[in-house]
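Novice: What follows is each chain in one-letter form.
Number of protein chains: 2
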Amino acid sequence: MFEVEVKYRVPSHDRIKDNLKSLNAKFLEHTEETDIYFNSPVRDFAKTDEALRVRVYGDGTVVLTYKGPRIGSVGKTREELSVTVNDLDSLLEILRRLGFKEVARVVKRRDIYNYENFTIYMDTVEGLGSFVEVETMVNNKELINKATEEVLQLGDRMGLRRDWIERRTYLELVLEKQGVNKP
Amino acid sequence: MFEVEVKYRVPSHDRIKDNLKSLNAKFLEHTEETDIYFNSPVRDFAKTDEALRVRVYGDGTVVLTYKGPRIGSVGKTREELSVTVNDLDSLLEILRRLGFKEVARVVKRRDIYNYENFTIYMDTVEGLGSFVEVETMVNNKELINKATEEVLQLGDRMGLRRDWIERRTYLELVLEKQGVNKP
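In order, the protein sequences belong to chains A and B.
The opening residue of the first sequence carries number 1 in our numbering; numbering runs sequentially from there.
The opening residue of the second sequence carries number 1 in our numbering; numbering runs sequentially from there.
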């Protein structure tokens, strides 16, 4: 499965939420997520545009995710592989023993909405501010461009300006803030 | 936690099982396990005496385990870190993407018994034959020698000859059979 996703940096969530209500989008849930990112001992994921992430949800659920390089031009489409894991501390220790190094933590609160085939995330990221992500899934690379266009059109209807699009990941934004710039 | 374990290669399980019954050891369960071993892209686990294993139980449970180097002289005591994972295929694919290479599969049927603080595994390993493992857990390195002696004494009472002790892992034995010898 490929995640087709466009992210916008927004001044505030208020007006976007009103627009979502007008579209009759359905509020799904509020989550709090802490993302712990690791770098590989064999290649620099910042250069290969990969990511290895341990996500901890507010309810304690732990998910390990590998993300392949972004393959879209506008959005941040990637191939994702995830597993749910039963023990955070053991997982972190296994990753360290295998040579993976923790590079950053991203802490965010999200309100999640559903509209047709789309998932909309209203994100507040610690130290970074407010964002909106509009996402859909496709099971075939050839559908990515069409899906990206649909995501952008929904963004327009939600009042998301195209010059607000932020192609960098939260991880990259956090690392830039820490003064660790991509080469 | 440290696993203190001694493994014996046995001609047959029959007499050992009779001895276990005389000791009033408790039969716990029968399991079937497929172990998939991976090597690291940064160091050769055969040389560093580490192991990364994905174990699949007969009921579909998937456990990822990192094992540190053996630290006892007689037994095969190691530090172990394990997590249960919800999706075998995704886990295998994540490991491959991270650069880990599958080196061997070990398929075994085990009858598991409990006696006092000990766990006894009567193993039949595909292509290798019959084995018995006697195991206990300690939470402190300083207790390893004492626990190893207790394990050996229980082995004596079960009729396990000390010259049957097999210090190599099933993985090593499978690799040797495949003609891939340790340097």
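What the hints contain is simulated information worked out from the structure, not anything from laboratory work.
Check each hint, because a few of them may be wrong.
Identical chains share a label here; the pair holds if one copy fits it or two copies do between them.
Pairs of lysine to any residue, SDA-like flavour, derived with a Cα cap of 25 angstroms [unchecked claim]:
no., residue 1, residue 2
1, 141, 96
2, 17, 116
3, 101, 63
4, 141, 95
5, 108, 159
6, 146, 157
Novice: All hints, please: hold or fail.
Specialist: Verification of the hints:
Taking the closest pair of Cα atoms, residue 141 and residue 96 come within 25 angstroms of each other only across two copies (21 angstroms); inside a single copy the shortest separation is 33 angstroms, beyond that limit. Proximity of residue 17 to residue 116 under the C-alpha cut-off of 25 angstroms is restricted to the intra-copy arrangement: shortest distance 16 angstroms within a copy versus 62 angstroms between copies. Taking identical chains as interchangeable, the C-alpha atoms of residue 101 and residue 63 lie at most 25 angstroms apart whether they share a chain (17 angstroms) or sit on different chains (22 angstroms). In this assembly of identical chains, residue 141 and residue 95 lie within 25 angstroms of each other by CA distance solely across copies; the values are 23 angstroms between and 30 angstroms within a copy.
When the C-alpha separation of residue 108 and residue 159 is checked against a cutoff of 25 angstroms, the pair qualifies only within one copy, where the shortest distance is 22 angstroms, while the shortest distance between copies is 59 angstroms. Proximity of residue 146 and residue 157 under a CA criterion of 25 angstroms is satisfied intra-copy only: 17 angstroms inside one chain copy versus 71 angstroms between copies.
The structure agrees with every numbered hint stated previously.
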